[in-house]
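Here the sequence shown stands for residues 30 to 131, numbered as in the working numbering.
Hints listed in this document are in silico derivations from the structure and should not be mistaken for laboratory results. Every residue, glycine too, gets a C-beta built ideally from N, C-alpha and C. Errors might be hidden in some of the hints.
[Said to hold, decoys possible] With a cut-off of at most 30 Å between alpha-carbon atoms, the simulated BS3-like pairs for lysine-lysine come out as follows:
{"no.": "1", "residue 1": "50", "residue 2": "101"}
{"no.": "2", "residue 1": "46", "residue 2": "109"}
{"no.": "3", "residue 1": "98", "residue 2": "109"}
{"no.": "4", "residue 1": "109", "residue 2": "55"}
{"no.": "5", "residue 1": "98", "residue 2": "120"}
{"no.": "6", "residue 1": "46", "residue 2": "120"}
{"no.": "7", "residue 1": "46", "residue 2": "101"}
{"no.": "8", "residue 1": "101", "residue 2": "55"}
{"no.": "9", "residue 1": "55", "residue 2": "98"}
{"no.": "10", "residue 1": "120", "residue 2": "108"}
{"no.": "11", "residue 1": "108", "residue 2": "46"}
{"no.": "12", "residue 1": "101", "residue 2": "116"}
{"no.": "13", "residue 1": "108", "residue 2": "98"}
{"no.": "14", "residue 1": "98", "residue 2": "50"}
{"no.": "15", "residue 1": "109", "residue 2": "120"}
{"no.": "16", "residue 1": "116", "residue 2": "55"}
{"no.": "17", "residue 1": "50", "residue 2": "108"}
{"no.": "18", "residue 1": "109", "residue 2": "50"}
{"no.": "19", "residue 1": "55", "residue 2": "108"}
{"no.": "20", "residue 1": "120", "residue 2": "55"}
{"no.": "21", "residue 1": "46", "residue 2": "98"}
[What the hints assert, rightly or not] Using C-beta positions, here's what the derived DEER-type ranges look like:
{"no.": "22", "residue 1": "97", "residue 2": "63", "range": "36 to 44 Å"}
{"no.": "23", "residue 1": "112", "residue 2": "49", "range": "30 to 38 Å"}
{"no.": "24", "residue 1": "68", "residue 2": "112", "range": "18 to 26 Å"}
{"no.": "25", "residue 1": "121", "residue 2": "58", "range": "15 to 23 Å"}
{"no.": "26", "residue 1": "93", "residue 2": "66", "range": "37 to 45 Å"}
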Amino acid sequence: MPGMSDPAAMSDGMDMKSMMKDMSDKMSSMPMTGNQDVDFARMMRVHHQGAIDMAQPELRNGQQPEMRKLAKNIIAAQKKEIALIDKFLAKHGDGLKAEPSK
Numbered sequence: 030m031p032g033m034s035d036p037a038a039m040s041d042g043m044d045m046k047s048m049m050k051d052m053s054d055k056m057s058s059m060p061m062t063g064n065q066d067v068d069f070a071r072m073m074r075v076h077h078q079g080a081i082d083m084a085q086p087e088l089r090n091g092q093q094p095e096m097r098k099l100a101k102n103i104i105a106a107q108k109k110e111i112a113l114i115d116k117f118l119a120k121h122g123d124g125l126k127a128e129p130s131k
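Let the sequences and hints guide you as you build the complete structure.
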């Protein structure tokens, strides 16, 4: 596979599936509160962190400038949205949080 001659890149590529599974497992096992806004915020926080987790290996090992730029933009945008979600949950979440940022 192109771009997979580096062992670190191969490891990151294989880890991408485990990152997706981890995110999916966290989201599907998260108990619902019954509050649509809080549940949405908590789920989206996990989803956004998953996007960051998957973009980081692209920055480390990606070869194509447009994909590296996309990864960088994803990380920046998702971090901003996570901050908004955290503010919302601090105000409305009754102490409930999704997974903390890494």
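Exercise. Which hints, by number, does the structure contradict?
Worked result: When the structure is compared with the hints, numbers 5, 6, 23 turn out to be violated.
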